[in-house]
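Engineer: Just need the whole structure built from these sequences, with the hints factored in.
Each chain is listed here by its residues.
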Amino acid sequence: MAVLVIADNDNAHLRDGTNKTVTAALKLSGDVDVLVLGKGAQAVADAAAKIAGVRKVLLAESDALGHGIAEAQADAVLALAGGYDAILVPATAGGKNFAPRIAAKLDVAPISDIVEVVSADTFVRPIYAGNALETVQSSDAKKVITVRPTAFAAAGEGGSAAVESVSGADAAKTRFVSEEMVKSDRPELAAAKIVVSGGRAMGSAEEFQAVIEPLADKLGAAVGASRAAVDAGYAPNDYQVGQTGKVVAPALYIAVGISGAIQHLAGMKDSKVIVAINKDADAPIFQVADYGLVADYKSAVPDLMSALTAAGK
Amino acid sequence: MKVLVPVKRVIDYNVKARVKADQTGVDLANVKMSMNPFCEIAVEEAVRLKEKGVATEVVIVSIGPAQAQETIRTALAMGGDRGILITSDADLEPLAVAKLLKAVVAEEQPGLVLMGKQAIDGDNNAVGQMLSALLDWPQATFASAVEIAGSTAKVTREVDGGLQTLDVDLPAVITADLRLNEPRYASLPNIMKAKKKEIAQKTVADYGVDVAPRLTVVKVTEPAKRSAGIKVESAADLVSKLTTAGVL
Ligand SMILES: Cc1cc2nc3c(=O)[nH]c(=O)nc-3n(C[C@H](O)[C@H](O)[C@H](O)COP(=O)(O)OP(=O)(O)OC[C@H]3O[C@@H](n4cnc5c(N)ncnc54)[C@H](O)[C@@H]3O)c2cc1C
Ligand SMILES: Cc1cc2nc3c(=O)[nH]c(=O)nc-3n(C[C@H](O)[C@H](O)[C@H](O)COP(=O)(O)OP(=O)(O)OC[C@H]3O[C@@H](n4cnc5c(N)ncnc54)[C@H](O)[C@@H]3O)c2cc1C
Numbered sequence: 001m002a003v004l005v006i007a008d009n010d011n012a013h014l015r016d017g018t019n020k021t022v023t024a025a026l027k028l029s030g031d032v033d034v035l036v037l038g039k040g041a042q043a044v045a046d047a048a049a050k051i052a053g054v055r056k057v058l059l060a061e062s063d064a065l066g067h068g069i070a071e072a073q074a075d076a077v078l079a080l081a082g083g084y085d086a087i088l089v090p091a092t093a094g095g096k097n098f099a100p101r102i103a104a105k106l107d108v109a110p111i112s113d114i115v116e117v118v119s120a121d122t123f124v125r126p127i128y129a130g131n132a133l134e135t136v137q138s139s140d141a142k143k144v145i146t147v148r149p150t151a152f153a154a155a156g157e158g159g160s161a162a163v164e165s166v167s168g169a170d171a172a173k174t175r176f177v178s179e180e181m182v183k184s185d186r187p188e189l190a191a192a193k194i195v196v197s198g199g200r201a202m203g204s205a206e207e208f209q210a211v212i213e214p215l216a217d218k219l220g221a222a223v224g225a226s227r228a229a230v231d232a233g234y235a236p237n238d239y240q241v242g243q244t245g246k247v248v249a250p251a252l253y254i255a256v257g258i259s260g261a262i263q264h265l266a267g268m269k270d271s272k273v274i275v276a277i278n279k280d281a282d283a284p285i286f287q288v289a290d291y292g293l294v295a296d297y298k299s300a301v302p303d304l305m306s307a308l309t310a311a312g313k
Numbered sequence: 001m002k003v004l005v006p007v008k009r010v011i012d013y014n015v016k017a018r019v020k021a022d023q024t025g026v027d028l029a030n031v032k033m034s035m036n037p038f039c040e041i042a043v044e045e046a047v048r049l050k051e052k053g054v055a056t057e058v059v060i061v062s063i064g065p066a067q068a069q070e071t072i073r074t075a076l077a078m079g080g081d082r083g084i085l086i087t088s089d090a091d092l093e094p095l096a097v098a099k100l101l102k103a104v105v106a107e108e109q110p111g112l113v114l115m116g117k118q119a120i121d122g123d124n125n126a127v128g129q130m131l132s133a134l135l136d137w138p139q140a141t142f143a144s145a146v147e148i149a150g151s152t153a154k155v156t157r158e159v160d161g162g163l164q165t166l167d168v169d170l171p172a173v174i175t176a177d178l179r180l181n182e183p184r185y186a187s188l189p190n191i192m193k194a195k196k197k198e199i200a201q202k203t204v205a206d207y208g209v210d211v212a213p214r215l216t217v218v219k220v221t222e223p224a225k226r227s228a229g230i231k232v233e234s235a236a237d238l239v240s241k242l243t244t245a246g247v248l
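Line order of the protein sequences matches chains A and B. For the first sequence, full-length UniProt numbering assigns the number 313 to the last residue and increments by one with no breaks. For the second sequence, full-length UniProt numbering assigns the number 248 to the last residue and increments by one with no breaks.
It is worth saying that the hints were derived from the structure and are not from the lab. Be a bit skeptical, because a hint or two may be false.
What follows is a set of in silico ranges between Cβ atoms, one per label pair, in the way DEER data are often shown [said to hold, decoys possible]:
id, chain 1, residue 1, chain 2, residue 2, range
1, B, Thr243, A, Asp185, 24 to 30 angstroms
2, B, Asp210, A, Arg186, 45 to 51 angstroms
3, A, Gln287, B, Asp27, 37 to 43 angstroms
4, B, Ala212, A, Leu78, 32 to 38 angstroms
5, B, Asn190, A, Asp85, 50 to 56 angstroms
Owing to the predicted nature of the structure, the values given are computational and were not obtained by experimental measurement. Glycine included, each C-beta is placed from N, C-alpha and C at the ideal position.
Structural biologist: Right, dumping it as structure tokens:
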């Protein structure tokens, strides 16, 4: 059987979700190809060619693909689907946007957000905000699967696959107008080793920036936020961690002024070590935290900054 | 323009789902059920389009058990005009739901389908994209702003890295994200009025589409529990614990 992995990328960089999806793909088959969808994305394809275990890299380019237009992405994949038994897509916002289209066109049931490959047709996926794990067996001949990157280790480097161009695709009824991307030199939230997240307690965007961001920068961490903080405009939407935002599993997750609603926990409870700073000793976040500090963040975060400096960080 | 809004009855978002001891699924007996929060946002947006004079009629459709009638009533109390209930004894997969919705679209001929991006039980985040593919209509998912201008919709979407704005030709499928709007509470008079609104009663068989499952649930289990750790006394104590744990 052959497997096609669709690369997660922004036209310039290959994102680490791709390497993790390759790991899931290699559990299904030794014949794993990677398809890069984008525009001016040769560097992405070259990076994908270096992933260990990849047989071949395909590069499809067009304006619509460069903007991540789902109709074009699905069509580009469908043009190649005949040669594969399974199509694996990283379960990012971008991947979730087009993978179900491919499944619908192939008349197969998509299998969303898998966290484990049990066998070639059986997979485990979280449901109900991660409060249950469902093991499903698919009877479809061809499988369309989205893969939760945090559940798989990243495939390493060392490959030297050939890169081949394939035809791009366009979208007739959808036009890109504009985008507003968050610019940041911090590590990518989904792949960071340390994440510092702020909640509603921050009270304003200025406070969020004054408290959460310096702590993150001191630790070389990515910044996350609760839905309440994003809804209130303290942080951009891209920072939302949770059931309906990003799922993260860093080595260290620090939640500041976040209560620990089930929807938030769904996005971070697989972190290796969880730290909670909250002034309410009964906040549910403490039920999952390895280290809890019951304190007002207004004093606790500056204290933490000094303690880190004292420890040579 | 007619707007079709598919809504799903799910476990209330405040209730923590519990796995059944026999591992066949999640225990939904005597559990509070509500409209999926993302569907509520879609209903609100459709009603606002009607209030702005953009939409002429808001049709609510739900596929589910007989009790999904209550979910439709809630949407009608928020301002939907009429409902369609398609009863199904079996749990349907996203592909089957999308095929049924395609058949409803063929009958109703809406200019726009507005729906939730994700149901909080199945968490598939799939039906909208699949419906759009089956219809060959454009899609704009994870919407945080929708503006209809003539025969196009300008949709701002929550994407990896920030926001993206697309123009899609109508008819189209748009799926709602959390920040599209804040759904209203239905007023008592509107709840009373909704009781008189029409809900067409259908069954899956009426549509003649293949809803056979493609997936078998082998088992449903509880994830590994995380136990509460310890409380530290000070920031300095925390730093020394984290250093020992090797995560700094
Ligand atoms: C459909 C749906 C999807 C959702 N998806 C998500 C999601 O993906 N991600 C997500 O995060 N949420 C999500 N939510 C929202 C979730 O239910 C909670 O409302 C949200 O996580 C709460 O955010 P919070 O913890 O910042 O705010 P709150 O619950 O208000 O908690 C604030 C906390 O800060 C503490 N605090 C206040 N002041 C201080 C201080 N000075 N010092 C220290 N601590 C202080 C308080 O004790 C409190 O515990 C979703 C909800 C729904 C309905
Ligand atoms: C083997 C199996 C077992 C299942 N067991 C259960 C179970 O125990 N309990 C249970 O509740 N479900 C069960 N389901 C159903 C499943 O969890 C989903 O509800 C279904 O596949 C739709 O996916 P979703 O709700 O995650 O869709 P999503 O794609 O996440 O939903 C997106 C949007 O689609 C629309 N939509 C989705 N479903 C409907 C609907 N029925 N009517 C109208 N609009 C809709 C809504 O607008 C919603 O916001 C089972 C499914 C399978 C395949």
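Engineer: Any hints this thing doesn't respect? Which numbers, in order?
Structural biologist: The structure breaks hints 3 and 4; every other hint is satisfied.
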